[in-house]
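Keeping their order, the protein sequence lines are chains S and C. Counted the way this note's numbering counts, the first sequence spans residues 109 to 624. Counted the way this note's numbering counts, the second sequence spans residues 4 to 622.
Because the hints were derived from the structure by calculation, they are not lab data. These numbers were taken from a predicted model, which means no experiment stands behind them. Be aware that one or more of the hints could be misleading.
[To be verified] With the C-beta cut set under 8 Å, the calculated list includes, among others, these residues of chain C facing chain S:
| # | residue |
| --- | --- |
| 1 | 432 |
| 2 | 447 |
| 3 | 489 |
[Stated by the list, open to error] EDC-like, lysine to aspartate or glutamate: derived pairs with alpha carbons at most 16 Å apart:
| # | chain 1 | residue 1 | chain 2 | residue 2 |
| --- | --- | --- | --- | --- |
| 4 | S | 370 | S | 419 |
| 5 | C | 435 | S | 528 |
| 6 | C | 435 | C | 400 |
| 7 | S | 258 | C | 418 |
| 8 | S | 420 | C | 488 |
| 9 | S | 206 | S | 291 |
| 10 | S | 547 | S | 156 |
| 11 | S | 258 | S | 365 |
| 12 | S | 547 | S | 501 |
| 13 | S | 258 | C | 420 |
| 14 | S | 352 | S | 302 |
| 15 | S | 592 | S | 331 |
Note that CB positions come from ideal geometry on N, CA and C, so glycine has one too.
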Amino acid sequence: MLRFTLATVLLGGFALAPNRSPAGIPPLLAGSEDALTILPHAPRVFPDYAGITLPPNIAPLNFRVEEPGARYRLEIRSTHGPSIKLADRGSSFEIPPKAWGALLRNNLGQPLYYDISVECAQGGWRRFETITNHIAREPIDDHLVYRLLKPLYNAYVHLGIYQRNLENFEQRPVLENQKFGGDCLNCHTFLNRDPGTFAFNIRTSNRLNPLVLVGSNHVARVDKTMGYLSWHPSGRLLAFSANKISFFSHTQGETRDVFDAKSDLGIYRVESNTVIFPPAVADPDWNETWPAWSPDGRDLYYCRAAPLPIEKYRQVRYDLMRVRYDLDRDAWGQPEVMVASQATGRSACQPKVSPDGRWLVFCLCQWGGFPVYQASSDLYALDLATRTYRRLEISSDQADSWHSWSSNSRWLVFSSKRLDGLFARPFFSYVDERGEFAKPFLLPQADPEFYDSYLNTFNLPELIAGPVVVKENDLAQAILKPLKVLSPKDDSQQSSPAQATGQGDEGQSNYRRIGR
Amino acid sequence: MRRPTNSKPVSGASSSSWFGISPAVGGLLFLFFLYAWLRIEPAIEYQHSGPVFLLRRAFLLPFLQYPGGLLDYAAALLSQFNYYSWLGALTYTLLAGLLFIAARAVLLQGPGRGASGVALAFPFLLLVVREQYDGSAVAVTLGLLLATASAGLYGALIPKPWRGLVGWVLLPAVFYSAGIWPGCLLAFLLATLEASRSGLKFVGLLLVIPIMAVVLWCLWFYEASSSPLHLPWIKDPVVWGTVCALYLLLPLAWLISLLQHPDATLPGLAPRPTDQKNPRPTGRAGLGIPRWVSQAAVLVVGWGVVWAGLALPRKRAAELDYYSSCREYERVLATAAVMARNEMNVASETRLHSALYHTGRLAEELFSYRSQRTWDLLPGLGGGLDSCRAQSRTFFELGLVSEAEHLAHEALENEGERPELLQLLAEVNTLKQRPQAARVFLHVLRQVPFHGGVARTCLRDLDANPQTISGCELDAVRPLMLTNDLAHQTFAAEGFLVQLLRRNPTNRMAFEYLMAQHLVNLEVNQVVDRLWQLDQFGFAGIPRHYAEALLLYEQSRGTHVELRGRKIRAETLERFRRFTEAMNQRQFTTESGRQALAREFGDTYWYYYFARRSETRQS
Numbered sequence: 109m110l111r112f113t114l115a116t117v118l119l120g121g122f123a124l125a126p127n128r129s130p131a132g133i134p135p136l137l138a139g140s141e142d143a144l145t146i147l148p149h150a151p152r153v154f155p156d157y158a159g160i161t162l163p164p165n166i167a168p169l170n171f172r173v174e175e176p177g178a179r180y181r182l183e184i185r186s187t188h189g190p191s192i193k194l195a196d197r198g199s200s201f202e203i204p205p206k207a208w209g210a211l212l213r214n215n216l217g218q219p220l221y222y223d224i225s226v227e228c229a230q231g232g233w234r235r236f237e238t239i240t241n242h243i244a245r246e247p248i249d250d251h252l253v254y255r256l257l258k259p260l261y262n263a264y265v266h267l268g269i270y271q272r273n274l275e276n277f278e279q280r281p282v283l284e285n286q287k288f289g290g291d292c293l294n295c296h297t298f299l300n301r302d303p304g305t306f307a308f309n310i311r312t313s314n315r316l317n318p319l320v321l322v323g324s325n326h327v328a329r330v331d332k333t334m335g336y337l338s339w340h341p342s343g344r345l346l347a348f349s350a351n352k353i354s355f356f357s358h359t360q361g362e363t364r365d366v367f368d369a370k371s372d373l374g375i376y377r378v379e380s381n382t383v384i385f386p387p388a389v390a391d392p393d394w395n396e397t398w399p400a401w402s403p404d405g406r407d408l409y410y411c412r413a414a415p416l417p418i419e420k421y422r423q424v425r426y427d428l429m430r431v432r433y434d435l436d437r438d439a440w441g442q443p444e445v446m447v448a449s450q451a452t453g454r455s456a457c458q459p460k461v462s463p464d465g466r467w468l469v470f471c472l473c474q475w476g477g478f479p480v481y482q483a484s485s486d487l488y489a490l491d492l493a494t495r496t497y498r499r500l501e502i503s504s505d506q507a508d509s510w511h512s513w514s515s516n517s518r519w520l521v522f523s524s525k526r527l528d529g530l531f532a533r534p535f536f537s538y539v540d541e542r543g544e545f546a547k548p549f550l551l552p553q554a555d556p557e558f559y560d561s562y563l564n565t566f567n568l569p570e571l572i573a574g575p576v577v578v579k580e581n582d583l584a585q586a587i588l589k590p591l592k593v594l595s596p597k598d599d600s601q602q603s604s605p606a607q608a609t610g611q612g613d614e615g616q617s618n619y620r621r622i623g624r
Numbered sequence: 004m005r006r007p008t009n010s011k012p013v014s015g016a017s018s019s020s021w022f023g024i025s026p027a028v029g030g031l032l033f034l035f036f037l038y039a040w041l042r043i044e045p046a047i048e049y050q051h052s053g054p055v056f057l058l059r060r061a062f063l064l065p066f067l068q069y070p071g072g073l074l075d076y077a078a079a080l081l082s083q084f085n086y087y088s089w090l091g092a093l094t095y096t097l098l099a100g101l102l103f104i105a106a107r108a109v110l111l112q113g114p115g116r117g118a119s120g121v122a123l124a125f126p127f128l129l130l131v132v133r134e135q136y137d138g139s140a141v142a143v144t145l146g147l148l149l150a151t152a153s154a155g156l157y158g159a160l161i162p163k164p165w166r167g168l169v170g171w172v173l174l175p176a177v178f179y180s181a182g183i184w185p186g187c188l189l190a191f192l193l194a195t196l197e198a199s200r201s202g203l204k205f206v207g208l209l210l211v212i213p214i215m216a217v218v219l220w221c222l223w224f225y226e227a228s229s230s231p232l233h234l235p236w237i238k239d240p241v242v243w244g245t246v247c248a249l250y251l252l253l254p255l256a257w258l259i260s261l262l263q264h265p266d267a268t269l270p271g272l273a274p275r276p277t278d279q280k281n282p283r284p285t286g287r288a289g290l291g292i293p294r295w296v297s298q299a300a301v302l303v304v305g306w307g308v309v310w311a312g313l314a315l316p317r318k319r320a321a322e323l324d325y326y327s328s329c330r331e332y333e334r335v336l337a338t339a340a341v342m343a344r345n346e347m348n349v350a351s352e353t354r355l356h357s358a359l360y361h362t363g364r365l366a367e368e369l370f371s372y373r374s375q376r377t378w379d380l381l382p383g384l385g386g387g388l389d390s391c392r393a394q395s396r397t398f399f400e401l402g403l404v405s406e407a408e409h410l411a412h413e414a415l416e417n418e419g420e421r422p423e424l425l426q427l428l429a430e431v432n433t434l435k436q437r438p439q440a441a442r443v444f445l446h447v448l449r450q451v452p453f454h455g456g457v458a459r460t461c462l463r464d465l466d467a468n469p470q471t472i473s474g475c476e477l478d479a480v481r482p483l484m485l486t487n488d489l490a491h492q493t494f495a496a497e498g499f500l501v502q503l504l505r506r507n508p509t510n511r512m513a514f515e516y517l518m519a520q521h522l523v524n525l526e527v528n529q530v531v532d533r534l535w536q537l538d539q540f541g542f543a544g545i546p547r548h549y550a551e552a553l554l555l556y557e558q559s560r561g562t563h564v565e566l567r568g569r570k571i572r573a574e575t576l577e578r579f580r581r582f583t584e585a586m587n588q589r590q591f592t593t594e595s596g597r598q599a600l601a602r603e604f605g606d607t608y609w610y611y612y613f614a615r616r617s618e619t620r621q622s
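Using the sequences and the hints, build the whole thing.
Spelled out as C-alpha cells, the structure:
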C-alpha cells in the first residue's frame, strides 16, 4: 500500500489524496505489494464517463473498465472530503451511493478524479492516466420522464412512460400501456417542468385518440386528437400539431421513416375547453408542426414545410419559424423564418427554447420531420440574441434528437443512437453561460452492464423538477373510465377575424374547423 | 407386492410404495414420461410457443408486479428444459408425480379419502393440457401443485393451534405467487379440511376471508387490467375445459366423499380403525366391481382420451416451425404433406416454401401442397404478426435485410426475446454495419438458457471481426443485399424480387421466389418471359411447374416458345394432353368433375390455375 501511495505521489498524478487510511479498504486493494507500471493513457471505460461535467446531484456513474486484467482498483477523489476506494476481481464498479453523493456535494465546481489500476494476468499492476471530470455547481432537475419501447415495429405490445429519479436508480412507471388495453401512448409534455401538470396522447385502435390532461387536482380525458404538444408557460394554452402521419420503410440505412402528409398547428384553450387553428400557424399552403413556446410565452416556435407527395419525401425540408403571440389580446403576429431550409439544405425539427430564453436547440436532418429515424440528425443551437446558429459539438454521426432543457438552463438531455446506431439512449450535457456544451454522458444505471443487453429505446426524455405523483391507475382510469371527459368545442364562431389575427388578414376566416 | 390402500396415511406409506407411488403408479408415470417425450415432444413446443426466459434480475421484476407472476416466472424457467425433449418430458413427469402425491395426500387427510383414486386422473388431464401446444401446461401444473402441496403440508405438519394463523398467511402468499385459481383452490381445500377435521364448519369458511380480501384488493388495485384473473389458459377451449376439470377434481372428490359420509371427521393423519363410516377398502369399487377392473378401466379410458386429445393441427404447425429452425427441410415437407387446408397458416406456408426451395423443389412441387390457403410467398406484414418470425428468416436469406429486420422486430415485440429472433437480429445488424447493436442482441441471447455458448462464440467472433459471425450465412447474404434505397409503404414482393435480381443476377432464391410468385399470381407470360434465365442458374431441364405454365401459355396464345435446346418432359406433355381433354369435356364446370380433376391433376399448376381463376370469378 505504501509503495502504491508513494508511486502515486511521485508520479504527480495527484496531490496528497485525502483519507488514505487502510481502514475500510477492501483486502484486495490493501494487500497488494506488486510493482506499479504507469501507462500514459486513460483506460477505456464504458459508459464513457471521461472528461465530462456532471451534476452534483446525479446518481453514481457506475462503469466498467474495458481493459484486460485479473483485478481492478478504483479511487475516486476530489478536493474535499474522503475519497472512494474500490477493488474487485471484476472490471465493473458499482460506486456506493452515499459516499458518492457526499463527495459530489462537498466539491461543487471542483474536479473529480478517477484513478484506475489493473493487475495483469501475469502479475504486476498498471495504473492508467487519471480520468478527470468536473462537478458542476448547478444541479440537474431530479427526475427524467421518458417513453420506453422497442426501436422498430408497427404493432405495440409493451410500451410505457416511465420516470427515473436521477439522484438514484429508481425507475417507476408513470403509465404502462398494459394498464389500459395495450394501446399506444406518447408525447408526454410538462408545463414548465412541473411534475404536477402535464399532458400526453393515447392512440387506440377502437376508441378516440384522446389527450390525457393532468392538473394539480384532477385527471381529465380530452377527446381530441393532438400530435406534438407544447404548454404555454401560463398554463392556459396547449399548442398542438394535427398531423397526418404515415410510416414507410427503407431498404438501406435506417429501416423506418415517417412522412407527414398534412399538418397544422392548433391551440387548445384549457380553461374554456376550446380549440382553434389560428391561420398564422395553420396555413393550408404549409405544413406546420413541432410547436414550442418561448419561456415568456410571447413567441411560438415551430417548423414549417411545403406540402409534397410522399414520393418526394427526400425533398421535404422544414424551416424553423417563429410567430409572435399576445396572450392578453389573443393576437398573432406574422410568421418569420428563423432558420431557412434553403440556407441549411436540411430539415429543422423539434425546437426547444432554454428556460432563460437564451438558446434554442433544434435538430437538423437530411429530410422530413422525424429526426429519430435519421442518422443525419444533429443538434444545433440558435442564439436568440444574435439569431446565429451552429452545429453542436455534442452531436454524433448517429441520430441525436428529442432534447429537453433543465429548469436552470444548464443541462440538456437528449436521445442519441451514437452507441450502436439502433437504440436511442439518454445523454446529458452541461451548458455554460456562453453556450458551450460539455461532452455528453450516458444516463447512469445501477448495473454497469445495463446497456449491453437492453432492447428498449429511450424516447422523448423530459427533465422535470420532482416526481410525478399522480397514480398510474388514475391515469389508466382517465382513459378507460374517466370521471371527467372534455370534448373541446370549435371556437371559430366566437372570434372575429380582426381579433384573431391582430395583424389584419383582409377579412379571411381566422379559424378553421377542427378535424379538417 | 402389497398395493397401497386408500386408507393408508401419507406418512405411513408401505414398503412397496414411495410417497404413495406404487409400482403401478410408477409405471403410469413412466408411460407419462414416454408419451410426453416421444409423442408430445417438448422441444417442438419450446421452439413454437414456449415462454421466453432470461437469466437476469431485471427479467424477474415484472413478474413480481402481479398476482401469479412468480408462478409464471417459475413456469417460464422450467419450460426452458423443453429445449431437450427428454429433459422437458422428465420435468413435466416430475411435476405430475409430485401433483399426484400431493393430491393423494390431501384426499387421504380429509373426507375425500374414499375417493383418493381420483388422483389418478391428474396425469391424464395434465397430458391433455400439454398436448394442446399453447405453452401454458407447466404454469397450470405448477399452480395446481402449489395449491395442493400447500394444503397437504398444512394438513400434515401444522398443529391445530397454529392452523388458523398459518392459513391466513398461506392463502395470500399462494394467491400472490400463483394467482387467483390456485389461491381459490387452496382456500377451498383448507376450508374443507378444517371443517371436516375439527367439525367447526365455520372455521373453514373463515379461511376464505383472506383470499376474498386479497381478491377484492387486487381487483381494486388492478381495475384497469385483467392480469389478476391470470387466465393464460383461457385462449383455447380444450385447455380451458381441461384446466377447469383439473381444478374441480379435488373439490368434487371431496364433495362426493363428503356426501357419502356426511358425518366424517378425521382426528388426524391416521384413520380410525373403528370408524364404521370410513371402512377399510375391501378391494372392490362401488357397484361390486373389483377395484383392479375399475382402475384398468380408468387407465384405458384415460389413455384413450390422451391419445385422441392430441392437437394434431397445432402439433404439425409447431413441427414445421421446429424442423424449419433445425433446417430439417425434408421433415418440413413430410409434415406439410399431411396437413389439411385449415391447418396451414401464413407462417406454415412460409416455412413450406423455404423448405421447398432449400430442397430444390419449389419449381417442382409448390402446387403439390394443396393445403396452402394464402398462396402468397412473401406477404410481409400483411401476413399477420404471427407470421413475422417465419418470414423474417426468408427475407434475410433472400437479401432483403431491412425487411427482415423490420419483421424480426415485429416478432420480437409480439413473441418476446426468442433465441431465433435474437440470433437473426444480431446477424442483420452485423450486415448493416452496426456491430454494437448486434452485440446488444447477442448479450440478450447469452442470458437465454442453453444459448449462452452460441452467444459467447458470436461475441468473440464480433470482437475479432465486426463484419461477420462464424457459422452464420452472412457471407452468403452480403452479396445479395440491396444497395439502393427503395422506400415503400407496403411491401410488393415482385418488385423487390426483381430488384434483388438486378442487384445480383446470381440470386437463385430471388429467381425461384419470383417465378413462384408469378405462378401463384397466374402471370404465366411473366414466367415464360423469364425462362431464359434458367441457364444462369444451372437448371438442367425445365422444372415441372415452369413447363406446365409454358404449356398453358403456348396453348392460350397459340404460339410456340423457343426453348434453346431445353425439352419438356414427356410425362408432363402426356399429362397436359390428358388435362386438356378433361377440360374440353368441361369437367371443371361440375363439382364431381373438379374432384376427379383434383385427384389426377391436383398437384399441377394447371389445376391451381383454373381453380384460382374460378375462385376469382366467383368472388
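Within a Cα-Cα threshold of 16 Å, do residue 435(C) and residue 528(S) meet the stated pairing?
-> Roughly 11 Å between the alpha carbons, so the hint for residue 435(C) and residue 528(S) holds.
Compare the distance between the alpha carbons of residue 547(S) and residue 501(S) with 16 Å, and conclude whether the hinted pair is satisfied.
-> holds (8 Å)
For the hint on residue 447(C), does the least C-beta distance to chain S fall short of 8 Å?
-> This hint holds: residue 447(C) lies near chain S, its Cβ roughly 5 Å from the closest one there, short of 8 Å.
Residue 258(S) and residue 365(S): Cα distance at most 16 Å?
-> holds (15 Å)
Are residue 352(S) and residue 302(S) close enough, with their CA atoms no more than 16 Å apart?
-> violated (30 Å)
Restraint status (C-alpha distance of residue 258(S) to residue 420(C) at most 16 Å) = holds (11 Å)
Pair hint outcome, residue 206(S) versus residue 291(S) [Cα-Cα no greater than 16 Å] = violated (40 Å)
Does the interface hint hold: is residue 432(C) within less than 8 Å of chain S, judged Cβ to Cβ?
-> Holds. Min distance 7 Å.
Report holds or violated for the interface hint on residue 489(C), using the least CB-CB distance to chain S and a cut-off of 8 Å.
-> holds (5 Å)
Restraint check for residue 435(C) with residue 400(C), where alpha carbons must lie at most 16 Å apart | Status holds; Cα separation ~14 Å.
Residue 420(S) and residue 488(C): Cα distance at most 16 Å?
-> holds (14 Å)
Given the hinted pair residue 258(S) and residue 418(C), is their alpha-carbon gap at most 16 Å?
-> Holds. Residue 258(S) to residue 418(C) sits at ~13 Å (cutoff 16 Å).
Violated hints for the displayed structure, listed by number in ascending order: 9 and 14.
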